[in-house]
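Peer 1: Spelled out from the first residue to the last, the chains are:
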Amino acid sequence: MLHSESFVTPDGRTIGPTVMEMKNITLRFGGVVAIKDISFDIREGEIRAIIGPNGAGKSSMLNVVSGFYNPQEGEVWYKGAKRPPMKPYQVARQGIARTFQNIALFEGMSVLDNVMTGRLNHMTSGIFSQALWWGKAEREEVANREAVEKVIDFLEIQHIRKTPVARLPYGLKKRVELARALAAEPKILLLDEPMAGMNVEEKEDMSRFILSVNDEFGTTIALIEHDMGVVMDLSDRVVVMDYGKKIGDGTPDEVRGNQAVIDAYLGVAHD
Amino acid sequence: MTADFYYGIEVVLNGLMAGVLYALVALGFVLIFKASGIFNYAQGVMALFSALTLVGIMNGQIPFAHLINSIFGTHIHHFGWHVPAVLAILLTAGVMVLLAWCVQRFIFRHLVNQEPIILFMATIGLAYFMEGFGDLMWNSEIKKLDVGIPQGGSFWIEDMTSGLGGDAFYGFFIDQLDIVAAIVAIILVIILVAFSQYTKQGRAMRAVADDHQAALSVGISLNFIWVLVWSLAGFVALVAGIMWGAKSGVQFSLSLIALKALPVLMLGGFTSIPGAIVGGLIVGVGEKLFEFLIGAPFLGGATENWFAYMLALVFLVFRPQGLFGEKIIERV
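Residue numbers (my numbering), protein chains in the order written: chain A, 75 to 345; chain B, 232 to 563.
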């Protein structure tokens with residue numbers, strides 16, 4: 075269903091109208107059905123979580139949203155229009171940025187250069203202007219550097235600006251990846267297990283950053299997470315998946331009380 | 232100092248100049264290998280093809296003249312005009328961009344995510360295709376390429392240095408063409424490095440070289456970058472083709488210089504632009520000096536033909552990643 079008005083969540087947060095809607099998405103790999111007939115929406119300004127046990131199809135779902143997979147059935151609606159099958163870079167250019175579960179950074183480049191790549195879509199000067207480093211290209215580079223410095227400040231990674239990414243510890247890499255996605259000033263930010271493999275302190279940092287990104291920039295965030303506790307604290311609404319099917323959708327409280335969800339997570343006796 | 236000492240220095244200088252030309256060819260390899268993991272066997276043929284095209288355009292040759300004549304029974308060969316060198320170089324650069332687009336569109340676009348060996352085989356096919364195509368298009372005569380670069384020994388340098396080594400030494404003999412080639416190569420490298428470090432496309436190029444998925448996620452079109460990279464490699468091939476063509480005429484053996492680039496790459500590392508330069512210089516100086524000191528007096532000469540490969544073999548044993556290449560580490 076399409077929401078055209080904003081509403082107020084039980085926590086008292088106002089979230090906007092629907093910005094993206096997945097309609098009856100089915101994704102198969104050969105004979106394996108990774109996602110089966112799933113529909114849900116993402117509303118403007120909210121933090122939307124997709125949770126589920128291992129192999130539930132969460133990452134596949136995120137890959138459908140970001141264009142890495144094209145589903146066999148179903149439709150993706152974005153900003154009120156049906157999205158034709160697209161390449162990932164085209165999706166990125168539409169204002170959908172993402173991070174990866176296994177961190178996909180440019181290891182050989184410095185943190186600053188990595189975050190700068192996030193600005194590529196905001197650079198419109200042509201290849202000749204670029205090659206000659208003349209006029210528009212130079213002005214653009216300066217403006218984009220400023221935007222990037224803001225993001226770097228915001229995520230508190232100033233001290234490693236010039237460090238090659240390969241030398242950073244895991245937790246910081248995750249943060250650099252977030253910075254790169256954020257530098258694109260995305261309409262929707264997709265986070266694939268932003269806290270996977272982190273210790274408690276790093277998780278708290280990351281939660282804080284996610285919340286303040288949402289707060290300060292009003293960025294719509296869709297994230298996948300394993301850790302139930304973290305998800306329930308962070309998100310406004312939650313989709314629960316299990317074996318490629320949607321088994322729950324609603325506010326954290328609604329989902330917590332859902333019997334199917336409890337069964338999926340805690341297991342159920344088959345007798 | 233004896234004259235021999237100064238002749239030794241002259242040998243080193245000439246070696247450096249020859250090394251610059253090797254480095255130029257190696258540079259084309261590095262560009263493509265870094266950005267797409269393709270070892271482009273056709274790089275040498277691209278240099279040949281660009282030189283053929285340049286000469287053809289300058290002389291107003293009609294492309295495929297032989298083919299047209301044999302089909303229609305005509306006797307056409309030339310348009311009857313001559314194109315100035317600068318314009319012809321620009322046109323040839325355009326042809327190299329077109330070639331890059333075709334290579335990407337018709338070959339490598341269909342081979343994404345294939346094994347490196349398959350990509351390598353594709354470039355071998357490309358090399359043979361381009362050699363035949365170049366022959367068909369511009370015919371196979373040896374052609375003279377004159378784009379206005381001065382040639383022959385520099386008398387100025389010879390005069391200035393003739394007093395150094397006594398009566399038996401007549402001054403350094405250095406070909407002006409080599410000097411020009413060295414200057415052009417240095418400028419080319421500076422431009423390439425600046426382009427890849429400080430521009431949007433350069434950054435995108437490095438991003439693609441580093442991680443495809445991440446590059447896609449920030450909105451980089453892999454196809455576009457690959458066309459760009461092949462175009463750059465085409466420009467480098469054009470410069471190499473001009474220099475080698477001016478030196479020894481545009482002939483089909485030009486494509487064999489690509490084989491000399493292999494030891495250069497093994498020395499310098501396949502992924503390093505500075506490595507290609509330093510590797511080229513080492514091979515150039517090494518083979519000339521070896522010939523001068525050991526080859527000619529003791530081994531009967533002609534060591535230049537194999538010295539570079541021996542050197543590469545030694546490197547493969549002791550430092551397989553080359554001088555500047557990324558270290559090969561396997562984590563378990």
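Everything labelled a hint here was simulated from the structure, so no lab data went into it.
A quick note: this is a predicted structure, and the numbers were derived from the prediction, not measured.
Where a beta carbon is used, it is the ideal one built from N, C-alpha and C, also for glycine.
Be aware that a few hints might be false.
Said to hold, decoys possible - Far from chain A by the CB rule (all over 12 Å, computed), these chain B residues:
hint, residue
1, F270
2, F303
3, H306
4, L318
5, I380
6, L408
7, I417
8, D442
9, A445
10, A446
11, L447
12, F455
13, E522
14, F523
15, F538
16, L547
Said to hold, decoys possible - Using C-beta positions, here's what the derived DEER-type ranges look like:
hint, chain 1, residue 1, chain 2, residue 2, range
17, A, E223, B, G480, 50 to 56 Å
18, B, Q444, A, K236, 42 to 48 Å
19, B, W332, A, K224, 47 to 53 Å
20, B, Q345, A, F103, 54 to 60 Å
21, B, I299, A, G148, 53 to 59 Å
22, A, E278, B, P505, 26 to 32 Å
23, B, P505, A, T88, 36 to 42 Å
24, B, Q444, A, D307, 47 to 53 Å
25, A, E223, B, Q444, 24 to 30 Å
26, B, I422, A, A217, 22 to 28 Å
27, B, L329, A, G154, 39 to 45 Å
28, A, E181, B, P505, 16 to 22 Å
Peer 1: Confirm or reject each hint.
Peer 2: Evaluation of the provided hints:
Remark: the non-interface label on F270 (chain B) is consistent with the geometry, its nearest Cβ contact in chain A lying 19 Å away (cut-off 12 Å). Every C-beta of chain A lies more than 12 Å from that of F303 (chain B), the closest at about 40 Å, which supports listing it as non-interface. With a closest Cβ-Cβ approach of about 42 Å to chain A, H306 (chain B) is found to remain outside the 12 Å limit, as its non-interface label requires. Distance to chain A confirms L318 (chain B) as a non-interface residue, since its nearest Cβ pair spans about 18 Å, more than 12 Å.
No Cβ of chain A approaches the Cβ of I380 (chain B) within 12 Å, the least distance being about 24 Å, so the stated non-interface status holds. Here L408 (chain B) stays apart from chain A, with its beta-carbon at least about 27 Å from theirs, past the 12 Å limit. Consistency note on I417 (chain B): stated as away from chain A, and its beta-carbon is indeed over 12 Å from all of that chain's, at 18 Å minimum. Listed as outside the interface, D442 (chain B) is inconsistent with that label: its C-beta sits roughly 5 Å from the nearest C-beta of chain A, within the 12 Å cut-off.
Distance to chain A contradicts A445 (chain B) as a non-interface residue, since its nearest Cβ pair spans about 4 Å, not more than 12 Å. With a least CB separation of 8 Å from chain A, A446 (chain B) falls inside the 12 Å interface cut-off, contrary to its annotation. Some Cβ of chain A comes within 12 Å of the Cβ of L447 (chain B); the nearest lies about 4 Å off, and the non-interface call is violated. With a closest Cβ-Cβ approach of about 9 Å to chain A, F455 (chain B) is found to fall inside the 12 Å limit, against its non-interface label.
The beta carbon of E522 (chain B) is kept farther than 12 Å from every beta carbon of chain A, the shortest such distance being approximately 38 Å. The Cβ of F523 (chain B) sits about 40 Å from the closest Cβ of chain A, beyond the 12 Å cut-off, so the non-interface label holds. With a cut of 12 Å on Cβ distances, F538 (chain B) stays outside the contact zone with chain A, its closest approach being about 33 Å. At the 12 Å boundary, the C-beta of L547 (chain B) stays outside the reach of chain A, the nearest C-beta of that chain being 24 Å off.
Checked against the hint of 50 to 56 Å, the C-beta distance between E223 (chain A) and G480 (chain B) comes to roughly 55 Å, which is consistent with it. Distance hint for Q444 (chain B) and K236 (chain A): a CB-CB separation of about 25 Å, inconsistent with the stated range 42 to 48 Å. A hinted range of 47 to 53 Å is violated for the C-beta pair W332 (chain B) and K224 (chain A), which are about 38 Å apart. Distance hint check: the CB atoms of Q345 (chain B) and F103 (chain A) are about 20 Å apart, inconsistent with the given range 54 to 60 Å.
At roughly 55 Å, the beta carbons of I299 (chain B) and G148 (chain A) sit within the given window of 53 to 59 Å. As the Cβ distance of E278 (chain A) to P505 (chain B) is approximately 43 Å, the hint placing it in 26 to 32 Å is violated. Roughly 55 Å separates the CB atoms of P505 (chain B) and T88 (chain A), a value that falls outside the hinted 36 to 42 Å. Between Q444 (chain B) and D307 (chain A), the C-beta spacing of about 30 Å breaks the proposed range 47 to 53 Å.
The beta-carbon spacing between E223 (chain A) and Q444 (chain B), approximately 26 Å, falls within the hinted interval of 24 to 30 Å. Evaluation of the 22 to 28 Å hint for I422 (chain B) and A217 (chain A) yields a pass: the beta carbon distance comes to about 24 Å. Distance hint check: the CB atoms of L329 (chain B) and G154 (chain A) are about 41 Å apart, consistent with the given range 39 to 45 Å. For E181 (chain A) and P505 (chain B), the hinted distance range of 16 to 22 Å is satisfied, since their beta carbons lie about 19 Å from each other.
The structure fails hints 8, 9, 10, 11, 12, 18, 19, 20, 22, 23 and 24 (numbered hints given earlier, in ascending order).
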